[in-house]
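K.L.:
The residues making up each chain are set out below.
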Amino acid sequence: MAAASCACQGVWMRKVLEKLGHSQSKCTTVLCDNSSTIKLSKNPVMHGRSKHIDVRFHFLRDLTRDGVVELKHCVTQEQVADIMTKPLKLDVFLKLRELMGVCVVPRVN
Amino acid sequence: MSEESKAYRLYDPTSKKIVVSRDVVFEENECWDLGRSNEEARIDILEWRDSNKEGSENDQSEEEFEEEVATEERREVSLSSSESAGENSSTSEESSPEGRNRRVPFWMEDYVSGVEFSEEVVEHNNLVLFASTTDPTTFEEAIQSSKWRAAIDLEIEAIEKNGTWELTDLPKGMKTIGVKWVFKTELNENGEVDKCKARLVAKGYAQQHGIDYTEVFAPVARWDTIRMIIALAARNSWSMYQLDVKSAFLHGELNEAVFVEQPQGYEKKGEEYKVYKLKKALYGLKQAPRAWYSRIEAYFIKEGFERCNCEHTLFIKRGDGGKILIVSLYVDDLIFTGNNESMFVKFKNSMKLEFDMTDLGKMKYFLGVEIFQNPEGIYISQRKYAKDILERFRMEKSTSVKNPIVPGVRLMKDEEGSKVNATMYKQLVGSLMYLTVTRPDLMYVVSLISRFMTSPTELHLQAAKRVLRYLKGTMDLGIFYQKKGNGELVAYTDSDYAGDVDDRKSTSGYVFLLSEGAVSWSSKK
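So the sequences go chain by chain: A and B. Take any residue in the first sequence, note its place counting from 1, add 654, and you have its number in the numbering used here. Take any residue in the second sequence, note its place counting from 1, add 1128, and you have its number in the numbering used here.
Heads up, some of the hints might be wrong.
[Said to hold, decoys possible] In the PhoX-like style, the derived pairs of lysine-lysine whose C-alpha atoms are separated by at most 20 Å in a straight line are:
{"no.": "1", "chain 1": "B", "residue 1": "1451", "chain 2": "B", "residue 2": "1474"}
{"no.": "2", "chain 1": "B", "residue 1": "1541", "chain 2": "B", "residue 2": "1652"}
{"no.": "3", "chain 1": "A", "residue 1": "673", "chain 2": "B", "residue 2": "1633"}
{"no.": "4", "chain 1": "B", "residue 1": "1593", "chain 2": "A", "residue 2": "743"}
{"no.": "5", "chain 1": "B", "residue 1": "1451", "chain 2": "A", "residue 2": "673"}
{"no.": "6", "chain 1": "B", "residue 1": "1612", "chain 2": "A", "residue 2": "680"}
{"no.": "7", "chain 1": "B", "residue 1": "1633", "chain 2": "B", "residue 2": "1611"}
{"no.": "8", "chain 1": "B", "residue 1": "1474", "chain 2": "B", "residue 2": "1525"}
{"no.": "9", "chain 1": "A", "residue 1": "680", "chain 2": "A", "residue 2": "726"}
{"no.": "10", "chain 1": "B", "residue 1": "1289", "chain 2": "B", "residue 2": "1451"}
{"no.": "11", "chain 1": "A", "residue 1": "743", "chain 2": "B", "residue 2": "1530"}
{"no.": "12", "chain 1": "A", "residue 1": "669", "chain 2": "A", "residue 2": "693"}
{"no.": "13", "chain 1": "B", "residue 1": "1308", "chain 2": "B", "residue 2": "1405"}
{"no.": "14", "chain 1": "B", "residue 1": "1303", "chain 2": "B", "residue 2": "1407"}
{"no.": "15", "chain 1": "A", "residue 1": "669", "chain 2": "B", "residue 2": "1445"}
{"no.": "16", "chain 1": "B", "residue 1": "1490", "chain 2": "B", "residue 2": "1611"}
{"no.": "17", "chain 1": "B", "residue 1": "1512", "chain 2": "B", "residue 2": "1600"}
{"no.": "18", "chain 1": "B", "residue 1": "1402", "chain 2": "B", "residue 2": "1303"}
{"no.": "19", "chain 1": "B", "residue 1": "1145", "chain 2": "B", "residue 2": "1300"}
{"no.": "20", "chain 1": "B", "residue 1": "1312", "chain 2": "B", "residue 2": "1300"}
{"no.": "21", "chain 1": "A", "residue 1": "673", "chain 2": "B", "residue 2": "1430"}
{"no.": "22", "chain 1": "B", "residue 1": "1308", "chain 2": "B", "residue 2": "1396"}
{"no.": "23", "chain 1": "A", "residue 1": "749", "chain 2": "B", "residue 2": "1530"}
{"no.": "24", "chain 1": "B", "residue 1": "1652", "chain 2": "B", "residue 2": "1554"}
Calculated from the structure, these hints are not laboratory results.
Take these sequences, add in the hints, and give me the full structure.
P.N.:
Now the structure itself:
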């Protein structure tokens, strides 16, 4: 579900960037730490557990097929989006914060 | 009472109120004894506090220190008192059994109550309060002083010059809309008086849908877009510039027939019964933002800009040889960037001809966000805004913490907990919400605490205060978009599996990175 809403935003951002003259030649990588989501997006098998998945999700599958987004697996340690979903331990929090480019004023040399 | 005050604190046992007064007649009976015993108890507590304070932090003022120490104990002590004081602000809190030294609660700061008057800190705050509210509220008040008269004349002149209205008779069946003067002293960044401004506003609340206005929607730029432009500019080492349209809404042209009264003090002699028919918008009209947007949109199209279909406030002009000019519109603020200096100059000049503009030069301060540009990248932060929030909620002297929320904690609805002032809580959440513009690290916790806005309790306020204390230590943080790094959009997405204890809904979040910085993020239940 999260991946699907993320993909929607991704599509919008690609459009804006294209207008800005910075079109993305390759497909946008969406990193996700849920491997079964990724498998489902690549391989549309019907499964007892995936029966109730919303129509929204199928939109993501279309996008994957068309090469607009690509779902990739990423290890939990580098999952930047964790900072948006759970209260993290201090060291992880600081690390992810840095990965997002949040820092103090860089001194101009 | 306190060192400064010579008044006596009197305790009324029947109404359970404390009254401070110097008008005291001493009688040798139980009344006197009661006040006396209260006072003694109080002194004991004070002494205990002082000895405790020596060991820890000396640099903090007593008021602030207490807040730290007393946050835990206050919960038990003032379970009932916080509620009663919140509702009935003119009376003081009920006296707590220990006779605890009292701190001025947040919700009391707008009021002047007898008890708190004698305390030094409040006295100071009140002085500040009185000094900052010198703007006149009515026309009669303003007309007394020459500087406001000049400001009013200036505004009328601007309106007349602009061709905003014409004097007509009121057609039958039409209603007029009242107008009102609003006065404001503008301060510059050093807090000195910059200029006095008088603004004529229409009483938009009297407008009726379908008669005076039809559509009111006007698009504004999304922060995602603005950050994307900044990230892109950083990557290409473009400079960003900023323009400001003076009295922007006065430029908007009206399609509807709107009639307003003649402004107070400027009625035309002998024609007092006539009304003004508006040709252009006035501030306060419901459709003013929309009128302005259509006006400037038409201008951009005329100038050969292309409007972005998926973001209506983004306009792009392409020249030959890959030249590009990107303009983003945020109501009356314009930011623009591109790769060709001559296009900038041409654009600025043509804008100046069309509207009354202020050229703010390189983008430094935009909607409360500070921007630093250098060849290695662009840095955005809201340091001043963060500082203002801390001061507003009186947390500027709190001890800082390293993370905004206790790891692993799950906030939930707290129906039994003691309620706190919901208005204050909402203001706090609202202020923090705007801070997430440059602080993705706060996004999760702010959206978490905002879920409890309907009935916040002590538990939630504690969490919110922790965010403020985290903010205290990290005021200088912002996002740095670097020139190096890949220009590809990378997204991360995650969801916690049914993380909400109350209704088992999941929180899903995503972060988009571009030019080594986050450009778009969300955290949603």
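K.L.:
Indicate, hint by hint, whether the structure satisfies it.
P.N.:
Consistency of the hints with the structure:
Between residue 1451 of chain B and residue 1474 of chain B the alpha-carbon distance is near 13 Å, which keeps this suggested pair within the 20 Å criterion. Distance hint between residue 1541 of chain B and residue 1652 of chain B is fulfilled; the C-alpha atoms sit about 17 Å from each other, no more than 20 Å. Of the pairs offered as hints, the one joining residue 673 of chain A and residue 1633 of chain B is violated, with about 37 Å between alpha carbons and a cut-off of 20 Å exceeded. With a C-alpha separation of about 19 Å, the suggested pairing of residue 1593 of chain B with residue 743 of chain A holds against the 20 Å cut-off.
As the CA atoms of residue 1451 of chain B and residue 673 of chain A are separated by approximately 13 Å, the hinted pair is consistent with the 20 Å bound. This hinted pair checks out: residue 1612 of chain B and residue 680 of chain A have alpha carbons roughly 19 Å apart, not beyond 20 Å. Taking the CA atoms of residue 1633 of chain B and residue 1611 of chain B, the gap is near 40 Å; set against the 20 Å cutoff, the hint is violated. Note on residue 1474 of chain B and residue 1525 of chain B: the hinted pairing is violated, with a Cα-Cα distance of about 49 Å set against a maximum of 20 Å.
For the hint pairing residue 680 of chain A with residue 726 of chain A, the CA-to-CA distance comes to about 14 Å; that is within 20 Å, so the pair holds. Distance restraint check for residue 1289 of chain B and residue 1451 of chain B: the Cα-Cα separation of roughly 37 Å exceeds the 20 Å cut-off, and the hinted pair is therefore not satisfied. Between residue 743 of chain A and residue 1530 of chain B, the direct Cα distance comes to roughly 10 Å. Compliance with the 20 Å bound is thereby established for this hinted pair. Between the alpha carbons of residue 669 of chain A and residue 693 of chain A the distance comes to roughly 27 Å, so the proposed pair goes past 20 Å and is violated.
Taking the CA atoms of residue 1308 of chain B and residue 1405 of chain B, the gap is about 16 Å. The hint holds against a cut of 20 Å. The straight-line distance between the Cα atoms of residue 1303 of chain B and residue 1407 of chain B is roughly 16 Å, inside the 20 Å bound, and the hint therefore holds. Distance check on the hinted pair: residue 669 of chain A and residue 1445 of chain B sit about 16 Å apart at the alpha-carbon level, within 20 Å; holds. Distance restraint check for residue 1490 of chain B and residue 1611 of chain B: the Cα-Cα separation of roughly 18 Å lies within the 20 Å cut-off, and the hinted pair is therefore satisfied.
At most 20 Å may separate the alpha-carbon atoms for a hinted pair to count; residue 1512 of chain B and residue 1600 of chain B meet this at roughly 12 Å. Between residue 1402 of chain B and residue 1303 of chain B the CA atoms are separated by roughly 12 Å; this keeps the pair inside 20 Å, and the hint holds. At most 20 Å may separate the alpha-carbon atoms for a hinted pair to count; residue 1145 of chain B and residue 1300 of chain B exceed this at roughly 60 Å. Restraint check: the Cα-Cα separation between residue 1312 of chain B and residue 1300 of chain B comes to about 36 Å, which exceeds 20 Å; the hinted pair is violated.
Our distance criterion of 20 Å between C-alpha atoms is met by residue 673 of chain A and residue 1430 of chain B, whose separation comes to about 19 Å. Note on residue 1308 of chain B and residue 1396 of chain B: the hinted pairing holds, with a Cα-Cα distance of about 17 Å set against a maximum of 20 Å. For a cut-off of 20 Å, the pair hint linking residue 749 of chain A to residue 1530 of chain B stands: about 13 Å separates their Cα positions. For a cut-off of 20 Å, the pair hint linking residue 1652 of chain B to residue 1554 of chain B stands: about 18 Å separates their Cα positions.
Consistency with the previously given hints fails for numbers 3, 7, 8, 10, 12, 19, 20, ordered from lowest to highest.
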